[in-house]
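Student: Which chain is which? The protein sequence lines are A and B, in order.
Heads up: the first sequence begins at 1 in the numbering used here, then just goes up one per residue.
Heads up: the second sequence begins at 1 in the numbering used here, then just goes up one per residue.
To be clear, the hints were calculated from the coordinates, so they are not data collected in a lab.
Some hints could be false.
[Claimed, not checked] Cβ pair distances, simulated, as ranges:
1. A:T63 - B:D182: 25 to 35 Å
2. B:F185 - A:E50: 35 to 45 Å
3. A:F181 - B:I115: 42 to 52 Å
4. A:S5 - B:D33: 38 to 48 Å
5. B:Q143 - A:S48: 44 to 54 Å
6. B:P47 - A:R59: 30 to 40 Å
7. B:L92 - A:K178: 28 to 38 Å
8. B:G36 - A:L6: 13 to 23 Å
9. A:I115 - B:A125: 34 to 44 Å
10. A:T63 - B:D75: 43 to 53 Å
11. A:A51 - B:E50: 30 to 40 Å
[What the hints assert, rightly or not] Listed below are the simulated SDA-like cross-link pairs for lysine to any residue, each with C-alpha atoms no more than 20 Å apart in a straight line:
12. B:K29 - A:K175
13. B:K175 - A:R117
14. B:K178 - A:A136
15. A:K178 - B:Q148
16. B:K175 - A:E129
17. B:K178 - A:R121
18. B:K70 - B:V54
19. B:K178 - A:Q148
20. A:K175 - B:A150
21. B:K178 - A:D149
22. A:K178 - B:A136
23. B:K178 - A:Y126
24. A:K175 - B:R82
25. A:K178 - B:S145
26. B:K175 - A:E118
27. B:K175 - A:K178
28. A:K39 - A:G25
Keep in mind the model is a prediction, meaning the values are calculated, not measured.
Here a beta-carbon is modelled for each residue, glycine too, at the ideal position from N, C-alpha and C.
Number of protein chains: 2
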Amino acid sequence: MARHSLRGELVEAAFEQFHAHGFNGAGVKDITDAAGAPKGSFYNHFPSKEALAVVALERYGSTLRLADLKDSSVDPLTRLRRHFEFLRDGQLDQRFLRGCLFGDFANEISDHSEIIREAIRQGFAYWAECLTCAVADAQTAGQVSAGQDAETLAAFLLNAWEGTLISSRTERSAKAFKPFFDTVFGVLLR
Amino acid sequence: MARHSLRGELVEAAFEQFHAHGFNGAGVKDITDAAGAPKGSFYNHFPSKEALAVVALERYGSTLRLADLKDSSVDPLTRLRRHFEFLRDGQLDQRFLRGCLFGDFANEISDHSEIIREAIRQGFAYWAECLTCAVADAQTAGQVSAGQDAETLAAFLLNAWEGTLISSRTERSAKAFKPFFDTVFGVLLR
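Okay, chain A solo, but in the shape it has when bound (with noise of 0.2 Å):
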């Protein structure tokens, strides 16, 4: 099984120390002696800490539950409040830290990774491919407004979660979350 192997056992440290410390706040023996292993063990594994730091991107993204956006047996809008809430529990069980992994190396490191740039951009793009599909079945169902592109609305629900994140950061209450869920669900998607 992946996940006693060293190799996995790496992966799962990098998640949680890039994930706690940013890219540059966690070095390569900060992750090797997360996992338990031999700081020169590490490029038996991977190329470089960039190329560890897409695998620890595709393992964020697989706990997004993003595939629950497109599950036709629940209500399309439930479907997206649900999701929110669960983004949203999540930060609060993390009391405020950490965030998006997406959104932190976006700001941090994308700049100067092309790779981790690029393996961001496939992240956020099949985030908003989910998003989109609940939407446009929220449309269709007649629930939200059909005037609006459901992929450029999608996108803009996107955004404005993963700068509710930043502020959730800053203000570290739940109070944070307030003007995200009162506005998309009492305004945009209606």
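Assemble chain B onto chain A, guided by the hints.
Tutor: Positioned in the frame of chain A, the structure of chain B alone reads:
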């Protein structure tokens, strides 16, 4: 003039280095080198890199033309549109690099430095206050529905903007601004 003092040179250099490379990516030596100053001179002027980061954040806030949002001689919706167009044009001029120093530091370092987190919190609070003024004036003028709380809507606009910058850095395309302008000025502010 402060601009020609060594302290002023260090602030300018830090502003550039932090914005280009992040908090952890810009070392004290990078900053003193960029200012043409010996590394040892740093601690004559600042007790820590964190303390200089706080001054750089204040310097960043002063570039945002926030007072224009309160200029009652200009139509309020025009103030809001010009504000975000000014910020967008700045990001286009920078070829989608850098983003917002508040958002960059919020994602990278606010979990680890209380004084930096507080400086960002204050920066965002003043920005939100200026946006609230323009939104409330637009409501009074009948340009924007009074059904939404001005402060909540202003906080949402600021979050959506911060997330839009994240998207613009990963997309590196002017198209990244379309969801913001279409949704804010086509749907929310009307």
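Student: Look at each hint and say if it fits the structure.
Tutor: Comparing the hints with the structure gives:
For the pair A:T63 and B:D182, the supplied restraint of 25 to 35 Å holds, since their beta-carbon distance comes to about 30 Å. Taking 35 to 45 Å as the suggested C-beta distance range, the pair B:F185 and A:E50 conforms, at roughly 38 Å. Between A:F181 and B:I115 the beta carbons are some 30 Å apart, a value that contradicts the proposed interval 42 to 52 Å. At about 43 Å, the beta-carbon gap between A:S5 and B:D33 stays in the expected band of 38 to 48 Å.
Taking the beta carbon of each, B:Q143 and A:S48 are about 52 Å apart, inside 44 to 54 Å as hinted. For B:P47 and A:R59, the Cβ-Cβ distance of about 39 Å falls inside the hinted range of 30 to 40 Å, so the restraint holds. A C-beta distance of roughly 32 Å is found between B:L92 and A:K178, which places it inside the suggested range of 28 to 38 Å. For the pair B:G36 and A:L6, the beta carbons lie near 47 Å from each other, so the given range of 13 to 23 Å is not met.
A hinted range of 34 to 44 Å for the beta carbons of A:I115 and B:A125 is consistent with their spacing of about 37 Å. At roughly 45 Å, the beta carbons of A:T63 and B:D75 sit within the given window of 43 to 53 Å. Under the hint 30 to 40 Å, the C-beta atoms of A:A51 and B:E50, about 31 Å apart, fit the expected range. Taking the CA atoms of B:K29 and A:K175, the gap is about 39 Å. The hint is violated against a cut of 20 Å.
The straight-line distance between the Cα atoms of B:K175 and A:R117 is roughly 17 Å, inside the 20 Å bound, and the hint therefore holds. Simply put, B:K178 and A:A136 have alpha-carbon atoms about 18 Å apart, close enough for the 20 Å limit, and the pair holds. In summary, the hint linking A:K178 to B:Q148 is supported, as the alpha carbons are separated by about 13 Å, within the 20 Å threshold. Restraint check for B:K175 and A:E129: satisfied, since their Cα atoms lie roughly 16 Å apart, inside the 20 Å limit.
A distance of roughly 17 Å separates the Cα atoms of B:K178 and A:R121; the hinted pair therefore holds under the 20 Å criterion. Taking the CA atoms of B:K70 and B:V54, the gap is about 25 Å. The hint is violated against a cut of 20 Å. As the CA atoms of B:K178 and A:Q148 are separated by approximately 13 Å, the hinted pair is consistent with the 20 Å bound. A threshold of 20 Å between alpha carbons decides the hint, and for A:K175 with B:A150 the separation of about 16 Å falls inside it, so the pair holds.
Restraint check for B:K178 and A:D149: the C-alpha separation of about 11 Å stays at or below 20 Å, so the hint holds. Of the supplied pair hints, the one linking A:K178 and B:A136 holds, its CA atoms being roughly 18 Å apart against a limit of 20 Å. A distance of roughly 18 Å separates the Cα atoms of B:K178 and A:Y126; the hinted pair therefore holds under the 20 Å criterion. Taking the CA atoms of A:K175 and B:R82, the gap is near 29 Å; set against the 20 Å cutoff, the hint is violated.
Taking the CA atoms of A:K178 and B:S145, the gap is near 19 Å; set against the 20 Å cutoff, the hint holds. For the suggested pair B:K175 and A:E118, the alpha carbons sit about 17 Å apart, so the restraint of at most 20 Å is met. Among the hinted pairs, B:K175 with A:K178 is inconsistent with the structure: their alpha-carbon atoms are about 28 Å apart, more than 20 Å. For the given pair, A:K39 sits about 17 Å from A:G25 by alpha-carbon distance, which is consistent with the 20 Å threshold.
Hint violations for this structure: numbers 3, 8, 12, 18, 24 and 27, all remaining hints satisfied.
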